[in-house]
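Chemist: With chain U's structure known, arrange chain D on it following the hints.
Residue numbers (my numbering), protein chains in the order written: chain U, 28 to 475; chain D, 28 to 475.
Worth flagging that the hints you see were computed from the coordinates, not collected in a lab.
The structure presented is a predicted model; accordingly, all values stated were derived computationally and were not measured.
Using N, Cα and C, we set each Cβ at its ideal position, and we do this for glycine too.
Honestly, I wouldn't trust all of these hints.
To be verified - To spell it out: a stretch of chain D is covered by chain U in this simulated footprint if at least three of its residues, at any positions, have a beta carbon under 8 Å from a beta carbon of chain U; those stretches are:
# : stretch
1 : 88-100
2 : 126-132
3 : 302-313
Protein chains: 2
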Amino acid sequence: MSKTEIVRLSVSDVRFPTSLEQHGSDAMHTDPDYSVAYVVIETDDGLKGYGLTFTLGKGTEIVLCAVEALSGFVIGKHLDEIVNDFRGFYRQLTSDGQMRWIGPEKGVIQLATAAVLNAVWDLWARSEGKPLWKLLVDMDPKKLISCIDFRYITDALTEQEALDILLKGQEGKRQREEQMLEKGYPAYTTSCAWLGYPDQQLKQLCTEALSTGWTRFKVKVGADLQDDIRRCRLIRQMIGPSGTLMIDANQRWDVGEAVTWVTRLAEFRPLWIEEPTSPDDILGHAAISKALAPLGIGVATGEQCHNRVMFKQLLQASALQFVQIDSCRLGSVNENLAVLLMACKFQVPVCPHAGGVGLCELVQHLILFDYICVSASLDNRMCEYVDHLHEHFKSPVIIRDAHYMPPKDPGYSTEMLEESVRRHQYPQGEVWQELQSPAKRARPSAHS
Amino acid sequence: MSKTEIVRLSVSDVRFPTSLEQHGSDAMHTDPDYSVAYVVIETDDGLKGYGLTFTLGKGTEIVLCAVEALSGFVIGKHLDEIVNDFRGFYRQLTSDGQMRWIGPEKGVIQLATAAVLNAVWDLWARSEGKPLWKLLVDMDPKKLISCIDFRYITDALTEQEALDILLKGQEGKRQREEQMLEKGYPAYTTSCAWLGYPDQQLKQLCTEALSTGWTRFKVKVGADLQDDIRRCRLIRQMIGPSGTLMIDANQRWDVGEAVTWVTRLAEFRPLWIEEPTSPDDILGHAAISKALAPLGIGVATGEQCHNRVMFKQLLQASALQFVQIDSCRLGSVNENLAVLLMACKFQVPVCPHAGGVGLCELVQHLILFDYICVSASLDNRMCEYVDHLHEHFKSPVIIRDAHYMPPKDPGYSTEMLEESVRRHQYPQGEVWQELQSPAKRARPSAHS
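Here chain U stands alone, though its shape is the one from the complex (with noise of 0.2 Å):
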């Protein structure tokens, strides 16, 4: 691995125009088009890393500015020097003297982080061979803990007790290891409810998805609280009392708000409602959790929080029962280590968020190893799965009778395909020039 110098970066803004069809609307982000900020790597000896990071088409190209700005501490380092310090490497990226105001840790340059470090993540594990959650399972536990910033997150996990957790996780990790392979990790599906179907679509994709397994059900509500009745009511009648329904405000609601509306929506049994109210209100979750309790429904959040010192406190102030990590949001694999060791210390359930473009393909790979190396359980436990867009990857998910099957090939799942990438280049990909060209300029949303 030695030789192995990064000597190139290139960075793409890929969009695709989900918005034509509603696929992925909720009650803030009425017409969002899929898209992400797509890093290649590449080293002297011609092998290649891919990295992501999720958007929603606008503001990508800021993204892609700041994975720029980032370039300059990727090129020219070779592989082993970064995997051999990653905890410096990630503080390099994430606390530069200059661009840390910009941030830190949050927003467009955190998102950018991601980008990079995803790649990062998937040329080590294509070094070695490996689908990157079999890396992570297979690397000692003191190496996983050196990728770990834990600066500001001591007062709630200290480096003694993550290692300890990751120690005890060595237990039994064989024959988890081979439960997964043969069983898949639980997944739920956000596919048929999005907030701009129409009642018939979602009876129709609700029936095709019972008879093809599924039994749990994410529904997205906070926009009219009469469709959410109406809605919540359809699903539960076609799921059955055994089914799994959660729903989904994603933020739209201030917290007395948040209470009364899903005290309305108590008598459909919603195993959680995800982000209530703003992601960066901790104590505001706090307030929500606290009211629900009684009723049997939980909080779950972070898709939109931004670091692990968020997380931190969500824990720390019992504001949340269900810690949705995203592969993108937090600062790559690095800090979701920390944040899946520090949901195992306070006992919450992770139930990672997906969907987008590619987060199914990337936050497999993490639930995998929270399985088989941290949690050691699988109770109130399932990963989001969204059927949206898996085609324009190498290395799409496999998903058996509702599970997650583990990825075979080496890497971290994140290359695309290049004609999807050249396509659906913006602007000036084949798909966007068509939709730009004046036959089909009436059409909502096509252009940002």
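Modeler: What follows is chain D alone, placed relative to chain U:
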């Protein structure tokens, strides 16, 4: 005003090579090149508005990219259309269905929002022929309230409560305005004790400051405890027992470390410890506040507090004893109004962050308004002052006897000298061209 349509927006990357002299150096930002993303908007009748956000050099180009992404919301709008529904306009900028994903309301995109809205406020004040503070002071309380987005803060401050505070603030307002015009708003200085300054320079600057009426001094700490002890002792000896000393760690510590370290500096009787840990760590600041209260040391933070939701929680959790608003980190005047009103309700004094490039020029307007119309108190209140780079502004701050004298020129004091902007544009301005010429190459950090 109705004819005033905004027809143009331009943005420039303006950087000053302050790292050459260690100005602005602290425990986390060792070599800042003080910079701005500088926005100019122009109306069809030739009026201009100037806005900026402060940065530390590298990454300013990312903020520019974000400003360009926001420009579509501004160009083509009439000024009266904006100010007649400023809350709605604010929401458009901060909650675009696609773009909010890369924030929301934090980091790069919020800094860009600040730059753009600061220009709009400057334009508004100029169109009324008033300095911004006076525009605010004269404004009907209901109109002021209509500029604020209360989303996510109604559990701490309702619209009615905010209005009541402003109505109460009308009493005695004229006298307080006269008092400010005569005596100015009290200031403290950070210019004497940057971390990179040797002791001899500290002494000399402190002597000069004392001779011109300064009595309140801030010292940068956090890199080395023995150095901190020596420097604090030196400053305390020079300013005497009645002088006010503040210390600032710029986020250097974890929670436990912050308590231990500051306890060692308690003998020098600092009024506050500023930014002891991560700006995102509300519960951490609360723990530090609690531990230091018996020592009579308060906690101050805010310059990297990214939005009103974070300030709300800092107040709810009694996590800070001094609220340090920033004119460019939050979403311009609109979001700062929300924070001033929340601070008033929670009875915590506001002591603004300033310095950088233009921060003193801008924030003086906000703190004048706070005194005249909101807090009506000077107890434990003062505004930061740093004596750098004012010469690049058309209406630089006027300090008299360690007080900010209210600006009289129309606008938000945001306009820079054309010559300064031209010479410091990065990388093409002549200042940077010279620094990058072979003869100067050896200098550290002169180019990003």
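Chemist: For the stretch 88-100 of chain D, do at least 3 residues have a Cβ located nearer than 8 Å to some Cβ of chain U?
Modeler: Per the Cβ count (6), the hint holds.
Chemist: Taking 8 Å as the Cβ threshold, is the statement that the stretch 126-132 of chain D is covered by chain U upheld or broken by the three-residue rule?
Modeler: Since three or more residues must qualify, the claim that chain U covers the stretch 126-132 of chain D holds, with 7 doing so at under 8 Å.
Chemist: Has the stretch 302-313 of chain D got at least three residues whose CB is nearer than 8 Å to a CB belonging to chain U?
Modeler: Three-residue rule met by the stretch 302-313 of chain D, so holds; n is 8.
Going down the numbered hints, you'll see the structure goes against none, and every one checks out.
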